[in-house]
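The listed protein sequences correspond, in order, to chains P and L.
The numbering of the first sequence is UniProt numbering, which starts it at 1 and goes up by one.
The numbering of the second sequence is UniProt numbering, which starts it at 1 and goes up by one.
None of these hints come from the bench; they were simulated from the model.
Heads up, a few of these hints could be off.
All copies of an identical chain are treated as equivalent in the list; a pair is satisfied when it fits inside any one copy or across any two copies.
[As the list claims (entries may be wrong)] Cross-link-like lysine-lysine pairs, in silico, PhoX-like; alpha carbons within 25 Å at most:
#1 K178 - K77
#2 K103 - K31
#3 K31 - K105
#4 K80 - K105
#5 K186 - K31
#6 K80 - K31
#7 K80 - K186
#8 K111 - K77
#9 K178 - K31
#10 K111 - K80
#11 K105 - K178
Here are the chains, one letter per residue:
Protein chains: 2
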Amino acid sequence: MPAKYGPGPWSIFVPLFGIAATVMVLVWTLKFRGGLAFRSRNQELIFNVHPVLMVIGFIVSSGHAIVVFKILPARRKAQKAVHLLLHLVALLAGVVGVYVAFKFKRESGLKDMSSLHSWFGMATICLYGLQWLLAFLFFWFPGAAMYTRARIVPWHVFAGLVIFLMAICAAELGILEKLTFLERAKAVRIFGEEALLVNFMGIAILFFAIAVGLCLFL
Amino acid sequence: MPAKYGPGPWSIFVPLFGIAATVMVLVWTLKFRGGLAFRSRNQELIFNVHPVLMVIGFIVSSGHAIVVFKILPARRKAQKAVHLLLHLVALLAGVVGVYVAFKFKRESGLKDMSSLHSWFGMATICLYGLQWLLAFLFFWFPGAAMYTRARIVPWHVFAGLVIFLMAICAAELGILEKLTFLERAKAVRIFGEEALLVNFMGIAILFFAIAVGLCLFL
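With the sequences and hints as input, model every part of the structure.
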């Protein structure tokens, strides 16, 4: 069965804003923040892995996974496989991203799970994993009866959108939190080049989410 | 014409989480932060008006305005009037809320419009005003032809939901920003009573948004 709907005029904006956010998070961490490292005496390099995994691995992947049925010209089975795989990539990136955040906090002697960013993020990752597992069991293997699937689909879509929007909100919260810390520590100048880049990354992520919505809506 | 759909089983959660957020923002500003004032030597009292207007006036009002068609047992015309009025209350509260934020910043000698919270908030208010004005002209007075209205409705709903979700995101960003400032200034203890109250207010606002979504979805 081919895709139910062909790609609409807004489809192009999903990869476009996805690329914009990807480039911005890389320029930020590599050019402004000194690069990435899993092990380093400079804990900031460990931290940098967190936004890279979350923006590229989690947000951009899961956004594309959501619109696969609308923009990938392929058979239904292939679309489902790509949907499942992209969400798995996002989930794994998200889990490693959370691990890196804890590692950074522990090695820096900071308290963790205290801010709304961490609460939103942790809830998002847990719900994301649960949603993926349930969807795998019901829609892929072993798979439920057609009648059950049809009843579950609207809930799968609704829960998926809520989780995606929570992920977007968590990302914006993380961006604001980190930038506030850096500005307060005088490591970044308010309205400086880096501050604007980071805020525009937040705007790109918002536009990415709106593009995903437009793709589903059209 | 009566309401197209009667209230679903989730309708009760919209006022419930609305009340929860309202109580929390009042307890926070009145009990923990010293109260409210439009004019005071203590600029923090001026600031406090901002979250109160934004949470109760803007978020809670606009969320209820969105679900009016689903939960208010009345004729279509009456539902529309309440929808319009609640959104107007939200818009006015939002505009005054923004004014108060600028007043606080100016009187405290702080830079404004530098954070993602202010960017999201300003964009939300501007789009909200535009959406209200266009909807008033097309759906109320003078009103467009039925054919045009039918074509516009899906865009009105989509734009309205995007703006509502931006408002939710702006609120969460504001909560995190203010709490981070207070914690850094040692005015609030991390994991202390007040910090937990403020974060739970953020969770109540998230649940309020999910309840609005469930109301529309069911």
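Open item on the list: Could you work out which of the previously given hints the structure breaks and list their numbers from low to high?
Closed with: 1, 4, 6, 7, 8 and 10
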